[in-house]
Structures are given as structure tokens and as C-alpha cells.
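As you go down the protein sequences, you meet chains S and F in turn. The opening residue of the first sequence carries number 1 in the UniProt record's numbering; numbering runs sequentially from there. The opening residue of the second sequence carries number 1 in the UniProt record's numbering; numbering runs sequentially from there.
If you're looking for bench data, these hints aren't it; they were derived computationally from the structure. Keep in mind that the hints are not guaranteed to be accurate.
[To be verified] Lysine to aspartate or glutamate pairs mimicking EDC-like chemistry, simulated, CA-CA at most 16 Å apart: (1) S:55 to F:798; (2) F:799 to S:59; (3) F:799 to S:35.
[What the hints assert, rightly or not] Now the in silico label distances, taken between C-beta atoms and shown as ranges: (4) F:36 to S:58: 53 to 59 Å; (5) S:58 to F:1037: 57 to 63 Å; (6) F:980 to S:58: 47 to 53 Å.
[Unchecked claim] Here are some chain S residues the structure puts well away from chain F; computed CB gaps all over 12 Å: (7) 32; (8) 45; (9) 46.
This one's a predicted model, so the numbers in the text were calculated from it and none came from an experiment. Note that beta-carbon positions come from the ideal geometry of N, C-alpha and C, so glycine has one too.
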Amino acid sequence: MDESLLSRQNEPSSYTVMNVKPVSYICGWCGKENEFKSKDELRCIGCGYRIFYKKRLAEGMQYEAR
Amino acid sequence: MSQNSHQEQNLLIPAFLQLRGLVKQHIDSYDYFLTTDIKQIVSSPSNCCVLSDYNPDFYLKYKDIRVLMPSIEEDAVISSITPHECRLRDLTYAAPIEVDIEYIKGNKIICRSGLEIGMMPIMLGCCNCVLRNKSEEELAKMLECPYDPRGYFIIKGVEKVILIQEQASKNRIIVEIDSKNNVVAQVTSSTHEKKSRTVVQSKGSKIYMKHNTLSEDIPIAIVFKALGVQADQEIFQLVGTQKQYIDALGMSLQECSILNILTEKQALRFIGSKIKNSKAAKTGRTKIEEARDVLATVVLSHVPCENYDFRAKIRYLGIMVRKVIDAMNDPKKVDDRDYYGNKRLELAGQLVGLLFEDLFKRFNSDIKKHVDKIFSKPKSSKGEPFDVITAMNKKMITEGLNNAISTGNWSLKRFKMERAGVTEVLSRLSYMSALGMMTRINSQFEKTRKISGPRSLQGSQFGMICPSDTPEGESCGLVKTLALTTHITIDQPEEQISKLAFSLGVEDASLFSGDELYSPGVFRVFLNGQPLGVHRDADFLINSLREIRRKGKISEFVSVVKVEEEQQIHIACDGGRLTRPFIIIEKCKSKVEPKHIKELTLGLRNFDDFVNEGLVEYLDVNEENNAVIAMRHENISEDTTHLEIDPFTILGCVAGLIPYPHHNQSPRNTYQCAMGKQALGIIGYNQFLRVDTVLYLLAYSQTPMVRTKTIEIVNYDKLPAGHNASVAVMSYSGYDIEDAIILNKASSERGFGRSLIVKRQNSDLRRYNNGLSDRLVMPPVIHGDNPPPSIKKFHALDKGGIVAVGSIVQTGDVLVNKETPVNKVDDIEMSKLTDNDFKPSFTCFKGPNPTQVNRLFIACNPEEPFLIKTVTIETRPPELGDKFSSRHGQKGVVGLIVQQEDMPFNEQGWCPDMIMNPHGFPSRMTVGKLIELVAGKSGVFQGKFKYGTAFAGDKVIDCGEILVKNGFNYTGKDVLMCGTSGELVGAYIFSGPLYYQKLKHMVADKMHARAIGPKTALTRQPTEGRAREGGLRLGEMERDCLIGYGAASLIQERLMYSSDVFIASVCESCGNLGYEQWCQFCKSRLNIVKVKMPYACKLLFQELQAMNIRPKLNLSSS
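Extracted from the complex, chain S is given alone in its bound form (with noise of 0.2 Å):
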């Protein structure tokens, strides 16, 4: 069930997304912006910290006041 509505189906190709278009984060020590594709290694290239922060929404998000 599950299967039949993941992208491939839907979508006219299936692209593990890391093919498409690198996603950027931010090195958890300098800062930096890192690009990985999924079999890279984790490592900054400015530092060479191992942690790495996905960045925040760009669009603003409306929350419920709980």
C-alpha cells in the first residue's frame, strides 16, 4: 500500500534526492556550509567537525499559541 505512493509512482522519474540537488548544512563548530551527497563522509571542509545542523525553514511557519 505504502509502496505504490512513494515518489516513483507519482513523480514521472525517481531520484534518490542526494543525485538531484545537495542539501547544505551548517558545520556545528565554524559554521560553515557543508554540501554532502549521501556516501560522503561527514566531515567539514573548513574544520573538519563531524556534527552538522540542518538549516531552519526558509518560509515563515504560523504556529498554535499553546
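Given the coordinates of chain S, work out where chain F should sit on it, guided by the hints.
Showing chain F alone in chain S's frame:
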């Protein structure tokens, strides 16, 4: 003046804790292990070298060992690591162990220094930790909280604590009466090599020695003879020549001659024939030799015995026999097992030390095996000569240590020790729970045994162990907590102390005959339970030793105790004793003078200076018996030797949170100790950087109005867990019965009791053995406003297949859209795979409410190349059924949330946040809570914090005065108006601020109901438990009710139709279960009938058939 200086001297406690910290004992013991013990282990003769049986020339010698700073090696790059990085990346906070070795390679001697043999887990805050001696700024840079207790380990990203273990003390004689009314004196000898138990026991009128290597009890006279005591007279002299000893020993000596054992050889042969699993036949030694060996190395192994010189052992055995006879004549001489002076606490350093020694021995024996294998083969002349370094397996020590700490299973073959549950995951429920765990003592007693002795509070625990902080239920009294100022000693070298004792006039006992040893006025001196010698002037020895200790020439933790009744002096410098500091009193005057305190406040002096200058000293449990300790200044009399620094230190850090605990009924304080650890609050300054699986936080935590000294000392005021709620003690609406509380809706909207639930979810992209790996996949495109749920769950993903940071997710929403290759075995190239070769394996979010994705990061570690951690934060306002508690063991759930308009108010417009029913007070007798309210209320008008420190604190009279000055009632009562009618409430209402904690038990995490839902595959019955969306069980007792009532249809409906109905095909002729239209047994389709039965019943029949039991169904129509 005396009042004033008394007020000031408790400044010593913050000074004490500033220097030592609450977990100093853990860190001290680990420091000792890393700096001293590890070197001793490696340099001990049994460990320091490896030899080969096949090549006499070969040797490997360890010259030194060091533990470096924590680091990690990745891609041949060694980089230092911080604890926080380990938490984030699931790494182990460990440092390389380096050795300097000297060995033979070919025919050359080679020296290598700095050779790594494994990784040692590093305790946070110890001497090898990067956090040691760092300022707050430096700690902040390493993303570490300055108030974190430390003292734990980080293994694979998980914080693990090695709990303090309580044990009976080793190498001491303990006299008891066993179940058969025999007197038993036993010693557990423990050395680095061996551990054994020797028992001297009375049986009838005779005395025997028992040991687990001997199959039978040996008459004591035979043991003496075997040890080389020739004359019977000598035996009497060793024990005592007084009438009672001669009488008691007579029968035992007679037994010797009945068995016709008169010489040493005969005695040894007798013992030799009683040795369990004797190796005499194998090794070709005689029984006599073997018996002598056993006596030398196994029996009382802690008493030194070189070259079969048994004199020390003979004397020790004499003492044991004497103790047995003493106890036979006077039952009062029996030792108390629960006396805390007879207990030792094992800490992380000692436990890891034992483990490391075991692993190091194994490491060496592995090397030896490898070396022997190489040298046993004929030498090949060509090629490089053999290098031992290749035989070293670095992983063994590393993994051995890591596994033990992460599972908590301490198994040491050498000591036959098999212990589980030594470590626990550090609880980060609140700051207090983490602190409470670090000061917790685990006892080795079985929980199931129904003995009250070890559970009840012992007089000797006073001041050392918190009387309030223990769990309720099965482990009550077995799990204890250290009091605030307790310090646990570490091992100290004995040589210096024994030398000192000898130069102070101790005479070696071997120079005395047995008779002289026991003459009056002569005190026998023991060092760590070992007889050292005798001294003729006990007071001189004791006073000089104490004087030397106060001068700081020997360790401040050495204890000297005089036991008058036994004519013994005990000097102790071993590890694991409990000590605490006292102010020294001389000639009715405290040695700590106001000027010293002034210097302390100016920062010119610290606590160690007080100790080094002999103003304050540490006493252990035994030495407390020799001291006359005044509780307060005014109690000092002529005999007083010491003064308590402050009485509130008898409580631990968790019980220290309670204001006015001395006004509460004792069990209430114990309840609060359990609840204080469940309160939501601030966990640390780095709480939003941490990645615990679940973290409960309080949104707007407040520091308590009514504080205690302990609160300030343990920094609870900086990391508080609760709110100062305005409470009116009155009845309201009937939704407040049974401890329920009424909450003001406006207060809750202002942030009262608002909690944050931080959850972390892991998903990793794995790499498989065939070179393939998981992949991330772009989510399906969502069309239209109302997509089906199976597509909608992908809504939060961005094009990377990972959830967008900042988005809102709900239960079932996908966080990481991952796919796994179907074929994980064969070698295929990744690029050749099609989409059908992957199956989806996405990670979903679970949680009751819509939740925000707070942050997401990716990291890697040597095991996992691509680790994705998603952290979500949910904000939860208090709701009906959430649990709250004050600091006095008074818990309650929210019974009703009322609009502020409907709450009662006073003429100033004040309105309570919470209404508490007054019925909570009379039976609970938590007077402390009433005082907290009055004190808090007066503090509000003064703009000052009030103090409810135990056995001190602000007086109710003073607080009342302040209230009156501010125009309020002296007793804290107010005139309130009814919120609904506006009329005056017909009574004065006791109201004011109380500190309330929100506990982790929240309705949202517990609420559960279901109609039709998942079923277990095997029985087709509904699943069990909330986590699996299970059904609500109609249990045996409920069933009994229905049977009793006769509601047969209801039972059938509940137990079958709503559970696991199954229509089975049964053959009427043979009574077997068949297929739909076919009975395989009768080979016929004629007699098949459909029968409704529970699926579990059908399953049972088939399972019975599988084990050759044929259940036959006899059908009849109703």
C-alpha cells in the same frame, strides 16, 4: 556572640561543597584509580611481565602505564573530544591507555614507549577530563552546564553512573550467632589476588574452623598444630589463659588427642585429606605439602605469610577463637552486622580497577598464548623476527570496559564475582534526579528477603546517610542516599602509618608470648583489621596520632579508634569508609573563631585550610564513638571534643529541598524525596542543546520563595523545578476531593505549569556488507487540500527526504524518508539498482499532540556513517488530571480548571492560582507546609527570600509580625470574596504562596481508549498496553463478578465475540478440527460442522495435537 558565631560557622558547608562538590567521592576515587591504582596493578609482580613457556629468552615487561586525555581516532587522525560531542554523536568518552614496554625481538632488547593498549572510559570531571578546572565561560564553549554534577561516564552517547555499592567490610572479624545458635566469627579476606572466607565456629562445646576449600570443619586445635604450634600450652596462651578460655578450649584440645593427632605432620595430613578438589595427585605433591600451601595462601589470605612463617596467622586465629569464646560467654559481644562502621562503600574507581585488572590479566594471557603458539613451532630462519606488538589486541580491554559499564554486569572470574545492575543510566528527569542518583548507595542485600535489620535506620548512620531519602516499597532502606557532607575515603598506603605507629611505641606482637598479649593495660593495635602489635600506653598513641593528623602530616582521613572493652586500638586508612567533618573543640572553645570565618568570606581561606590547620577534622563512623559531639554551640560542655558544623547536614541533597522538614511527619519527607526527582524543571544550562530520548522541562521555572541553605548549596535556586503558586486553602466546587486541586485558567494561560516535552528520534543510513546502503528519497508530491492520510503523512518533508526544521508534525508523520535495499547479501553496484530493489523504511513521529520540529542534525561515528537525529519540542499547558505536588509529600491531580472570574478574590483583587482542599492537612500533619506559606507570604511583602532550613530557618513569630506590619492577618488568613456570587466567604481563608512542582505524570501520556484495533498475530486477541494501542482487559476478577451475577451472554460477548471469535470446522464423527469442507482424519466431507470458538481455543487444540495429545470435540446442539 555564641549565637552569632554559630550562624556564621555554617558558611563552612558551602565552602566544603565548593571544594569537594556533591560527587567528589566518585571523582576522587576515579582520580585515584587513574593516577595510582592503575600503576600499582600493572607493576604488581603477577601482572608486570609476560614470559613464554617455549622460549626462555623471551620476556615482555611493562615499565609504566598512563591514561591520556580523551580523544578519538578517525581516519588516522587523532582529535580530542568533549563530553557533549560524545552525547551528540553516540561516542564513548574515553582516553587511550599507553604503556612503556621492554621486550625481546629476535635477540635484541627493544624498548617502546607510548604504546596504546586500549581505551579507558573517562569519568566526567576527573583528572583526565577536559572539563576539569574550567571556568564557566570555558564550559559554555564546550556546551557544558557549569552546575552539572559530573561523575558519570558516557558510553556510546549514553550517560552511565556507577552507583555506590555498599558492602560488609573486608578483612575484619565479625562475630555473629547463626541459626543453630552457634557463635560464628568470620573474616572475608580480600587481597588483589584472592578472595576467601574463613570461619571459626563453635559447635556444641567445641570450636572448629571452616573454609570453603575444605570439605569438613577442622577442629581448631588441629589447625593450630598444623600451623606449627607444638605445645597445648602455647595454644592456651594464644587465646587466653583465664579460666573461661581454658574451659572453652578444653574439649577442642581433647578432640585432637582422640583423633590421635599430636604432631604438625599428622595435623597437616588430616587437613590435606579434607581438601576439596585436591590437585595433589596431578601435581605429584604430597597431601602434607598441599595442606601447608592451602593454609599459607588461601586460609586468612590477607594475613601476610612469607616462607611458611605462620606466626602472624597463628596470632590472628588466636584472636578469632578468643572472640568466639567471649561471645559464647557474653552474648553482648556479638557484632552488629548493620553497624555502619562495619560497612565499606565501593566506588567507581575501585570497581573499574577490579575490572581493569581482570581484563589486563586476560590481555596478558592472550599475549602469552599467542607467543607460545609462535615459539612452539620451529623457527623459520627467514623473515622478520617475531614482534609481540602484533599479538596485542587493543579491542579486548576497550570493549571489556565499555560492555561492563553499559550493561552493568560486573563479572570477574578471579573472584567468582557476578554482579548485575552496578551501573544505571543517569536519570535526567530533573536536575535533582541526576544529583540524587549520584549520591545514591545500593546495597547488595536481596530485596526479597523480609528482614528488617539492614533496612531500618541505624544509629551509626547519623549524619552520614540521609534519614529521609529512600524509596518506598521493596527496596526501602536498602537504597540509601549520602548526607550532604559525607565523604568516602580512598585507599591510603599502609606503610607510612605502620612505621609511624611503631615509632610511637607500638611493639611487634611476635616479641610477646600469647600470655603477655592479653595482660591488662596492654592495648593491641590493629591497622586496617590486621594486628600490628601492642602498646602499653594507649592514650599516648592515640593522642599523638590524632595530633599528627591534625597537623596534616598524615592523611586527614586516617582514623584512630580506642575500643576500651576489648583493649584494642584500631587504626584505619582503607578506602570506602564514611567520614564527615567536625569542628574541633578544645577546652570548651571552638577552634574555628570568627576571624577564620571572616577570612573565609573574604576568600583568603578555603575548607582545606581549616582541615590542614587543625580547626576542622574528619571522623569516620568508628571514631565518632570516641568523640563527644555537641550539636550546637550552647550544648558544649567540658567533655565536648567536637562540634557539628550545622545540624541540617544530616539530610541529603534531595531532602534538603524541603522547607521546615523538622515540622513535618517523617514519611511525608520521604514521599517528597521520591517526588522531588519527578518534578519538571530546568535540567541544565545546556538543556536545549542536549539530545536525550525524552526530556521534560518546565517552561517558566521559578526559584522558590522559601529556600533552604541546601537549595543554595546544590544550586537548585539556579536550576529550579516548580512555581511559586498563590494557594488558597479552602474548599471549592467538590472537584477538589481526594487531594484534587483547582487550577486558575488564567494562571495556566500565563504559563503556570506549562511544560515542554523534548523528544529525540534517531534514524541512521546504514551501510551493508555487500556495499549497498540505505538511501533518502524525495517524498511524493501532495496535490489538493485534502490528500489521503497515506500521502499526507509526508507533508513535513522537504526535497531532501528529511523533515523541514520548524514544521509541525503529528502522530504518524514521516520524519526521515528512508529506503533500504532488499538485497543485503549479494554484491551489486549501487547505481545499477532500480527503485523496486528498495523497500521503504521511513521513521515516523509518535506523540499525542502536534509538535514542532526544533532541530535536526546529522553526525557520524565509527559504527554509523550517517546518523540523523530529529529533536521535536511540544508545549503542554496543564490540563485536567495532570499531577502537581508541593514540597511536603502532598500530591494531587488537577480536578477542575476554573475561569479566573469564578475564583475567589480578596479586596485588593488578588486571586489564587490554585485552590487546595484543607482536608489534606489534619491526617498528614505537614505543618512545614503551613509554615512555608506564612514564611513565603511574609517574604513577598518584604521582597526577600525566606529560609526554611532544617532545624533552623525563619521563625513563624517573625513572619507573622511582618504580615501584621503589612496589614495582614498574623496567621496568614485572608478575607476572600466568592468569585461566583461576590459574597464574602464565610470563613477566613489561609492563603499565600507555596512552591508547587509539576510532576512528570501527565494525562496526555497516559490517556488511552480503543474500539477496534490491532490484534496479536498468534492468538488473534487484542494487543496489550497503551504503546501498542491495546484493548482494556476484562480480567479474572471481573469475569468472576459476571459469573456470579449470571450474565452469561455478556461474558460470551466480552471474552469471545469482542476478542477472538473463530469459526472452526469440526468433524462430528471423529471430533477433530478439519478444513473448511474436509476432514483429513476421516477422509470425508460428510460430517463437517461449523463451530464458533475463541481462536485461542482452536490454537490450544492444535498445540496439544502437536505434542501427541488428541483433544476430541463432542458436539451437541443446544
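Hints not upheld, ascending by number: Those not satisfied: there are none.
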